[in-house]
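Once you've looked at the hints, dock chain B against the given chain A.
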Amino acid sequence: MFKKRAINKRLQPKSSLENGPQTEELAEPHNTSNLPLKSDDLTPMIHEKFNNTSDLKVKKYINLTIYYIENQINQQELNQNIIGKIKQADEITTETVYASIAINEVEDTDDLSYAILRMIKGSVALFIEGTPKIILASIPVKESRALSRPENESQVTGPQLGFNESLATNVSVIRRYLSTPDLCNEFFVFGTRTNTAVSLLYIKGIASEDLVNRVKHKLNQIEVDALIDSSVLNQHLDDHSWSIFPQMLLTERPDRVSDGLLNGKIALFVDGSTNVILCPFTFIEFFESREDYNIRWPIATFIRLLRIVAMFLSIFFTSIYVAALTFHYEIIPQALLVPLGESRSRVPFPPLFEAVLLEFIIELLREAGARLPTKVGQTMGIVGGIVIGTAAVQAGFTSNILLIIVALSALASFTAPSYTMGNVIRIIRFPILFMAGFLGFYGVMFGFCLLLIHLIRLSSLGAPYLSPFYPPRFQDWVDSVIRLPMKYTNKRPTLTRPADVQKYDPDKVN
Amino acid sequence: MKSFLILPVLIILLLVTGCAKKNILEETGLITTVGFDMASSESILTTMVVLQIDPEAKRNVDILSSSADTSKGSRIDANLKTPKELQAGQLRVALYNEKIARKGLRYFADTMARDPSVSDLIYIGIVEGSAHDTLNHDYKNIPDIGRYLYNQFEQLTEQEQILNPTLQDVQQSLYSVGMDPIIPLVKRKGETIANTGSAILRNDKMVGKLSPYKSFFVKLIRDDFRAGNIELHLDLKNADGKNEKVVTVLDTIKTSSDLKLTDPKIPHIDAKLKITARLLEIRGKIDLTNPKNIKLLEKKIGQKLEQDTLKVIRYCQEKNSDVFGFGEVYRSSVRHSNLTMKEWHEKYKNLEAHVSVDFSLVRTGVTE
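Those sequence lines, one after another, are chains A and B.
Taking the working numbering, the leading residue of the first sequence gets 1, the next gets one more, and so forth.
Taking the working numbering, the leading residue of the second sequence gets 1001, the next gets one more, and so forth.
Next up, chain A with everything else stripped away, as it sits in the complex:
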């Protein structure tokens, strides 16, 4: 199933997944392993390892003992393909077991801890009297749901396929997109308690070896007891864990992962997680969508610019309103003066308080909307819309111009194709808002400068976060904020230091 296998050293399994009887070891009569020769001795050992769990089943058949955890394995497969086949054999030895059972994934081990681990993951352990080996046949219950649409990263054009919670399925989806033997899959296990499977994918010949080694090094350094979701692994891998900005992309779109891999990025799949980590990643790439390549370049450029404008709008628009109304009435255009003044004249609060209040209400609505079940969520939207939209203005609580501005910047924050980046944009608005309220435009600029300094200092797996703007890499500009026709975007971005820079010959492409 996997091309290559590198089990984390903490687990130290002695056998690999490669199938086939290992006769050399069997031929040795003397018991060198820590396994007993009799099932009567083994059974209490396994029971003890499992802390006498009640779903551990032990079945005996002549000289064969079968151990499995009831709900982890496929009962039908056990009966048909293992027990049913073994019964047809004349005698039961390791060879006949290997020969008769009709399961793809069979291995044997003399390491009990490894066997226990495999049993948790859905293997059946077979023990033959007199042989200090455990044969493991993997027949896990396939409880994963079918592949469905990506809920959080929807696109109008392009494939409507999202990852699900199964690592194997997710990797196979990527294999379908990238049918090349160069796609390397390296296997890791994380969490001393959870033993979560993690796959590291990259394309050999494109991804820089240096980068791959860096990720592997980082992965090997991490020692945690549990790993539930890829977003947690993402935070473990971040260069700057104090930063508010996400330094790696979490995506549920296979096309986006494939695209990243083709650009020399590295993907990390975590079993049980619908999101795949793509790294290294830059700030501007969070505002790019895979869809930009599916539509014609002028439209794609327009949409990308729109997202950038929306980002600035979302961060600074409310702040500018507050600063202008509190300190710099001079800059308000003459035509806006009367409408602005009239809408403000009934509001009893200073502009800063008014803006913070409204932003807070919008955040409340958003958070409530994310937590509520879908059916109630719609009602919530209507209630929020009416309560905030109409009643707050009529009650003289807020001015309607601010309402438009706040709604606009909330809307703008949702244009970021990455949900994590959208969250960040919404949050960094608040400190800048306070700075605007206390120091005016000086504060806004101060906040902007701090933000910029921070962004310049950031890195993602050692790659500069603000690339291609700082350090300036002009050849990457053709596919960042703008997107030029394919003829001009024939080079892979320098960010990942790809081994193969040229994507295709520009003369052979329109």
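Please keep in mind that the hints were generated in silico from the structure rather than gathered at the bench.
Heads up, some of the hints might be wrong.
What the hints assert, rightly or not - Here are some of the chain A residues that sit facing chain B, going by a computed Cβ distance under 10 Å:
{"id": "1", "residue": "L35"}
{"id": "2", "residue": "P298"}
{"id": "3", "residue": "H328"}
{"id": "4", "residue": "Y329"}
{"id": "5", "residue": "E330"}
{"id": "6", "residue": "L337"}
{"id": "7", "residue": "L340"}
{"id": "8", "residue": "G341"}
{"id": "9", "residue": "E342"}
{"id": "10", "residue": "S343"}
{"id": "11", "residue": "G440"}
Claimed, not checked - Each pair of labels, with its calculated beta carbon distance range:
{"id": "12", "chain 1": "B", "residue 1": "H1233", "chain 2": "A", "residue 2": "I299", "range": "52 to 62 Å"}
{"id": "13", "chain 1": "B", "residue 1": "K1021", "chain 2": "A", "residue 2": "A335", "range": "21 to 31 Å"}
{"id": "14", "chain 1": "B", "residue 1": "D1251", "chain 2": "A", "residue 2": "A335", "range": "22 to 32 Å"}
{"id": "15", "chain 1": "B", "residue 1": "D1251", "chain 2": "A", "residue 2": "K503", "range": "39 to 49 Å"}
{"id": "16", "chain 1": "A", "residue 1": "A335", "chain 2": "B", "residue 2": "S1333", "range": "42 to 52 Å"}
{"id": "17", "chain 1": "B", "residue 1": "D1110", "chain 2": "A", "residue 2": "I386", "range": "50 to 60 Å"}
{"id": "18", "chain 1": "A", "residue 1": "I299", "chain 2": "B", "residue 2": "E1154", "range": "28 to 38 Å"}
{"id": "19", "chain 1": "A", "residue 1": "F312", "chain 2": "B", "residue 2": "D1069", "range": "32 to 42 Å"}
{"id": "20", "chain 1": "B", "residue 1": "N1151", "chain 2": "A", "residue 2": "F414", "range": "37 to 47 Å"}
{"id": "21", "chain 1": "A", "residue 1": "Q394", "chain 2": "B", "residue 2": "D1223", "range": "21 to 31 Å"}
{"id": "22", "chain 1": "A", "residue 1": "I308", "chain 2": "B", "residue 2": "K1072", "range": "38 to 48 Å"}
Glycine included, each C-beta is placed from N, C-alpha and C at the ideal position.
Leaving out everything else, chain B in the frame of chain A:
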């Protein structure tokens, strides 16, 4: 380690500088227009148009006036009469009474320019009559006199019917050697306010007036037109040899002027004007389908423009006001001239100007 140092610095930076003065919009009395008159030989009568942003107020603006010896002093005095603190940051138009203009505008221009909250792009106008009366009059159809004036100035500047009348322009010509300011004239006519031409200044003192028609020729030399328009009266001989009065209206006038100092002693200035325009309207019997007539028309218009330009130059010379900026040409052509405004005004009286117009019509419209 570094971050331990940065944090206190940031906090100090924030706290120490955190004492900017708040001017919350609705708590501020926004002066949009201001007018100055002479109250007596010393004191100034200042009229301020203050924007009312209360939706329940009957009038959109509040007119305050006060007498003081300085313009800022009058603001302090007027502040006694208002519930909101008066601020000049939204000032858009400043009007000066003719009497003040004749006494000198330098002080007023300076005090405006020195106030950082006042934009350099406010419009300056000189009022024929009283500024107080112009602003304080209860116009039937003008709810907000400040906005009306501002829009009018903006519109006329865009249409190139008046010369750039901003504070910056006035300051520039006040302080540059070899150029005198020209400021639009404004007059209340019944229930409207009209632009009545331009006031020409010698240094900072108003010395004469030009009608809107004559102001056109000042701009012709001083600036370039990009899309101006004008109505010209011509005397033509038609095919029958009869004299005929023809009125033409030109629009999208594009000009470029080339001024050369040909003789620094007299001084003699050669002005070459290249003008193209579209014939928008023509009144009189003339056959436009005949290309000869168009050539004739072009020639006549060119002559007319030449004559009238010279007339305006002569008038300004009489008043000794160099609104055309000939002094700038002199200064840039003569090395080490160390020209002062006083010297130039002496020379300017004797200046000889030669104007040649190269006029062509780009379009005459559909004619049958």
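Here is what the structure says about each hint:
no.	hint	in the structure
1	L35	55 Å, violated
2	P298	31 Å, violated
3	H328	8 Å, holds
4	Y329	5 Å, holds
5	E330	3 Å, holds
6	L337	6 Å, holds
7	L340	7 Å, holds
8	G341	3 Å, holds
9	E342	5 Å, holds
10	S343	9 Å, holds
11	G440	6 Å, holds
12	H1233(B) with I299(A): 52 to 62 Å	56 Å, holds
13	K1021(B) with A335(A): 21 to 31 Å	26 Å, holds
14	D1251(B) with A335(A): 22 to 32 Å	28 Å, holds
15	D1251(B) with K503(A): 39 to 49 Å	56 Å, violated
16	A335(A) with S1333(B): 42 to 52 Å	45 Å, holds
17	D1110(B) with I386(A): 50 to 60 Å	56 Å, holds
18	I299(A) with E1154(B): 28 to 38 Å	37 Å, holds
19	F312(A) with D1069(B): 32 to 42 Å	49 Å, violated
20	N1151(B) with F414(A): 37 to 47 Å	39 Å, holds
21	Q394(A) with D1223(B): 21 to 31 Å	52 Å, violated
22	I308(A) with K1072(B): 38 to 48 Å	45 Å, holds
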